[in-house]
Amino acid sequence: MTQIGRRFAAVAAILFTLAACGGSATPTAQTDVGITSNSILLGNTIALSGAAAAYGTIANASNAYFTYINNTQGGVNGRKITYKILDDVYNPANTVPLTKQLVEQDQVFAMFGGLGTQAQTSVRDYLNTKKVPQLFVATGATTFMGDFASHPYTIGWQPPYQGEARIYAKDVLANHAGAKLGVLYQNDDYGQDYLKGLTDGLGSSASMIVDKQSYDVTAASVASQLSTLKGKGADTLFLFTTPSFTIKALVTVTALHWEPTIYLNSVSNPQVYMGIAAKNGAALKNVTSVGYLKDPTDPQWASDAGMKLYKEVIANCSTCNVNDGFNIYGVAVAYTMVGVLKKAGSNMTRKNVMDIAGSQLSETNPFLLPGVVVKTTSSDHFPITQEQVITWNGTGWTLKGTLIDERGTIK
Amino acid sequence: MQGVLQQVISGIATGGIFASLALALVLIYNAMGLVNFAQGEMAMLATFVAFTLIDHGMSYWIAFPLTLVIAFAGGILIERIVIRPVERAPVLTMVIVTLGLATLVNGLAGFIFGYVPRSFPSPFSVQTVDILGAFVSYRDLGVIAVSAVVLLAIYLLLQRTTVGLTLRAAAHHPEASRLLGVQVSWMLALGWGLASAVGAVSGIMAAPILLLEPNMMQTIIIYAFAAAVLGGIESPLGAVVGGVIVGVTVNLAGTYLPFVGGDLQLAVALAIIVGVLIIKPNGLFGRPTVRRV
Amino acid sequence: MLQRIRTAPPRYWLVVVVILFFVGWPSVISSFQTSEWSQAIILAIAIMGLNILVGYSGQLSLGHGAFMALGAYTSAILAHRYKMDYLVTIPIAGLLTGLVGFLFGVPALRLSPLYLALATFALAVVTPSLIKRPAELTGGVQGISLVPPDPPAFAGDTFAALTGTVMTSDQWIYYVTLAYALLLFWLAWNLVRHRSGRAMRAIRDGEVAAAASGVNIAGYKTLAFGISALYAGVAGSLFGMATSFVSPDTFPVSLSIQLLVGAVVGGLASIPGPLVGGIFAYFLPIESNQWVPTQTWIPSQIASTVVKAGPAVSYGVVLILIMIFAPNGIVGLVTTGYTRLRRRLRGAADREAGQMPPDPQTIS
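Protein chains in written order, with the numbering used here: chain A, 1 to 411; chain B, 1 to 293; chain C, 1 to 364.
In short, the hints are calculated from the structure, not lab data.
Honestly, I wouldn't trust all of these hints.
Claimed, not checked - On the chain C side, residues computed to face chain B include the following (Cβ under 8 Å):
| no. | residue |
| --- | --- |
| 1 | VAL54 |
| 2 | VAL88 |
| 3 | ARG110 |
| 4 | VAL126 |
| 5 | LEU130 |
| 6 | ILE257 |
| 7 | ALA312 |
| 8 | TYR315 |
| 9 | ILE320 |
| 10 | MET323 |
Ideal placement from N, C-alpha and C gives every residue a C-beta, glycine not left out.
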């Protein structure tokens with residue numbers, strides 16, 4: 001190589017090394033990238049603008065809980081948590097570069113609370129290859145918990161959609177044997193996962209489903225699909241729909257003079273949505289759902305210690321509506337995150353934290369319904385599998401029966 | 001049989017929403033010779049304005065006309081600030097500007113009001129009417145009725161008043177109109193103001209059904225395009241008829257054509273747009289245009 | 001040969017410098033930043049395609065995201081299901097998309113610019129739901145995950161010899177993308193310089209007159225559509241490689257808008273325009289969200305507004321401002337500025353020689 005070439009290479013190499021350095025702490029046996037003596041850096045991508053932006057408040061709520069821990073306990077073992085949240089507009093094309101940035105440039109310790117099935121799938125292989133924990137993703141898509149064997153650095157948190165649908169199947173078989181089932185589902189992973197859970201849960205009785213109709217989020221109305229279901233004689237209706245469409249469906253069902261038993265999914269059941277549906281004429285008779293979180297608008301939790309803590313925590317977030325069910329979700333999942341960090345103690349490596357989250361979780365969470373346990377073992381990687389059936393009583397949800405546990409049923 | 005009737009009736013109901021927004025598109029086209037890609041977003045923003053007024057205690061019956069006035073003024077303002085500088089630019093520039101406007105207004109609404117869906121009041125009750133076993137709510141009928149009234153108003157304005165004539169003349173023959181002393185530029189502003197007001201009506205009528213949120217009109221505008229194109233982009237009557245046909249076709253195709261299904265409803269609207277433009281570009285009620293060199 | 005090098009206009013030297021810059025760039029930035037620049041160049045390729053259609057032949061398409069999706073999925077399916085080498089799939093994806101674009105161009109002939117815009121806009125909105133449909137083939141909503149390609153031996157060795165570091169997958173992807181960009185930009189430059197380019201511009205500036213002059217309108221318009229789609233298809237294929245994942249929600253209507261923004265901001269009907277546009281369109285949302293809040297000289301109210309409002313607002317404002325104040329985009333501004341500067345510097349000489357200032361390429 002010529003003199004010039006060597007100089008060029010030397011300069012380039014120096015510049016390259018300088019650029020790559022970025023000031024990260026050299027990992028020792030007990031710490032890792034993103035951990036310093038007094039801080040922990042967590043990263044996240046979530047929809048803060050665009051069509052799915054209503055979910056964005058989850059990250060802000062989680063951050064409120066981290067702020068609370070930083071202020072009242074000085075962080076975790078003397079390390080304050082910094083939570084860097086980036087807007088991916090729910091588009092995997094953005095999730096990939098933003099996640100790479102958080103990992104390679106910002107040098108986060110772990111990714112926490114990522115939202116969206118497609119978005120989180122798009123970075124799952126990357127994070128697992130780089131052995132960066134992808135913790136407690138904000139989606140119930142079963143694959144994030146079911147595929148732990150092939151993706152040991154990824155774990156979900158909320159009950160899997162399939163598990164929830166299995167509970168509906170159990171409830172239908174127990175209370176409405178012989179019913180004719182109609183399903184309205186969104187044509188994406190969300191709706192399809194629920195549908196699979198229902199079909200699997202019904203097992204040999206799957207023929208109870210007389211028809212299933214899908215819709216795309218670009219639809220102006222779901223009246224067409226609902227009339228078809230009504231026309232096929234369905235007397236029980238499953239709504240595997242996102243909140244906006246759930247409300248429209250409830251209104252349309254009443255407008256069609258149809259009174260099926262309705263099962264609607266947990267994402268759409270916050271009281272505020274039911275209120276909108278009622279205002280627009282939905283009769284809301286015989287509506288069943290499941291829950292696992294305490295609902296901030298439910299008066300039975302007014303003097304509950306966990307609910308009081310939630311209200312104290314959420315005050316740290318100026319843009320968060322205290323009555324929004326998404327916010328208590330955000331706080332609850334952050335509680336689990338902090339629990340994992342605490343358990344890691346002085347061994348703050350990515351591997352240790354991932355092992356705890358994926359196989360050694362065992363906590364009770366003040367923001368979840370009494371009796372719900374957040375648990376993972378070496379053979380079971382579904383953190384939450386218990387939900388309770390709830391029915392609409394005209395002004396709120398009433399807990400029915402006891403918690404139903406779907407642990408171990410999903411392969 | 002009853003199933004088909006219900007599909008048709010529901011289709012007419014949704015079609016009413018398409019028609020109401022299509023009327024605004026038609027009005028803009030009459031004033032400018034172009035479609036405004038931002039029409040739906042402007043309608044949504046106007047509805048949020050109404051919502052804010054009502055939320056602060058104003059009665060619906062005062063907020064409604066007041067919003068129309070604000071929308072009218074807003075439309076003129078937007079035209080003066082954003083459109084006027086590119087008035088004589090080619091089609092491409094105008095399309096890009098209105099697209100930019102749509103993106104801007106949508107982002108702004110999301111930023112100011114957040115993305116959680118809200119309910120919006122309607123003067124019509126939620127009770128339903130029974131038509132030979134098929135059901136439609138008074139609210140849906142209300143949308144159609146109001147659209148018909150707006151249609152009549154637009155027709156009278158465009159065809160029976162001097163203002164309307166001047167408006168159309170300024171759009172079709174700007175140079176000749178200038179020679180005759182017409183303030184072409186202000187006619188365009190007037191057109192925008194009126195279209196904005198009509199869009200506001202559409203938004204206010206549709207919001208109780210669609211739920212008020214920033215993305216409320218994002219896909220409705222495509223259906224409205226289909227309606228306007230089908231009916232003839234210059235014809236208000238065409239917009240209403242087109243809207244109804246689009247609504248019904250989308251429902252019937254989704255239900256009875258197995259390869260379409262409920263999740264490709266928007267694709268049906270696209271097919272209508274493309275089909276009409278290829279087979280009969282002037283739509284049902286449009287008149288053929290002559291291209292001059 | 002030496003004679004031609006000596007008399008080559010300064011513009012050519014600028015091109016050489018730019019090429020050298022891009023070739024050497026990855027050695028001074030991190031691997032992650034290199035992957036960002038890959039994305040920007042990919043957008044630039046797609047925008048170049050859009051530019052051929054919009055800027056040079058005057059047909060307006062708001063649906064180029066759909067063509068990118070077609071290219072991306074073609075490559076993904078061939079690589080994932082049929083186990084083809086990803087690099088081999090790129091030209092296949094490009095050609096297939098080009099063919100589809102050409103066929104699109106046929107009915108497009110009958111549509112006026114406004115209606116073409118309308119129809120392609122509707123296509124862009126419908127694209128995700130169309131992808132979800134044939135779930136067997138496209139993987140539906142699960143999308144298709146791809147394995148990032150490893151740098152082959154010759155590339156890895158060269159890179160290591162020159163810079164002393166191991167070539168990462170991201171860097172290899174960058175060089176593949178750059179190679180395609182150089183090739184496609186060079187092709188586009190040739191296209192517009194020669195007969196087809198002149199024919200297209202004639203069509204753009206006055207279709208009736210062009211027809212009267214004997215230009216084969218239908219042929220050139222559909223050709224423009226086909227070529228434009230080919231570029232978008234290649235860009236889509238490279239995009240799939242760079243992100244290692246394709247799914248329906250990766251191609252929303254905002255992608256088509258992003259391409260349009262890039263084309264317009266860079267400068268329509270120019271060759272360097274799409275490059276500038278691609279860089280701009282890719283980095284604007286990221287910088288407005290992350291860089292703006294760190295700048296202390298920006299008042300915090302404005303900074304937080306910009307961040308909260310999201311990229312949509314920035315895009316909208318930029319589109320409008322550019323169309324009003326700089327319809328020829330950044331390249332247009334630079335060219336006009338440079339021309340004016342030159343005129344002022346050369347002033348007297350030009351006036352004496354009676355030379356008219358060169359006509360900037362415009363779209364109006």
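Checked hints:
Restraint check, VAL54 of chain C versus chain B: the minimum CB separation of about 7 Å is within 8 Å; hint holds. A distance limit of 8 Å between C-beta atoms decides the matter here; for VAL88 of chain C the minimum to chain B is near 32 Å, and the interface restraint is violated. Proximity of ARG110 of chain C to chain B holds as hinted, the smallest CB-CB distance being about 5 Å (cut-off 8 Å). Here the hint on VAL126 of chain C is kept, as its CB sits about 5 Å from the closest CB of chain B, short of 8 Å.
Interface hint at LEU130 of chain C: satisfied, since its Cβ lies 6 Å from the closest Cβ of chain B, which is below the 8 Å cut-off. Of the supplied interface hints, the one on ILE257 of chain C holds, with its beta-carbon coming within about 6 Å of a beta-carbon of chain B, less than 8 Å. For ALA312 of chain C, the shortest C-beta to C-beta distance to chain B is roughly 3 Å, which falls under 8 Å, so the interface hint holds. For TYR315 of chain C, the interface hint holds, the least distance from its beta-carbon to any beta-carbon of chain B being 5 Å, beneath 8 Å.
Look at ILE320 of chain C: its Cβ gets to within about 4 Å of chain B, closer than 8 Å, so that hint holds up. Because the beta carbon of MET323 of chain C sits about 5 Å from the nearest beta carbon in chain B, less than 8 Å, this interface hint is met.
This entry does not satisfy hint 2, going by the numbered hints stated previously; all others are met.
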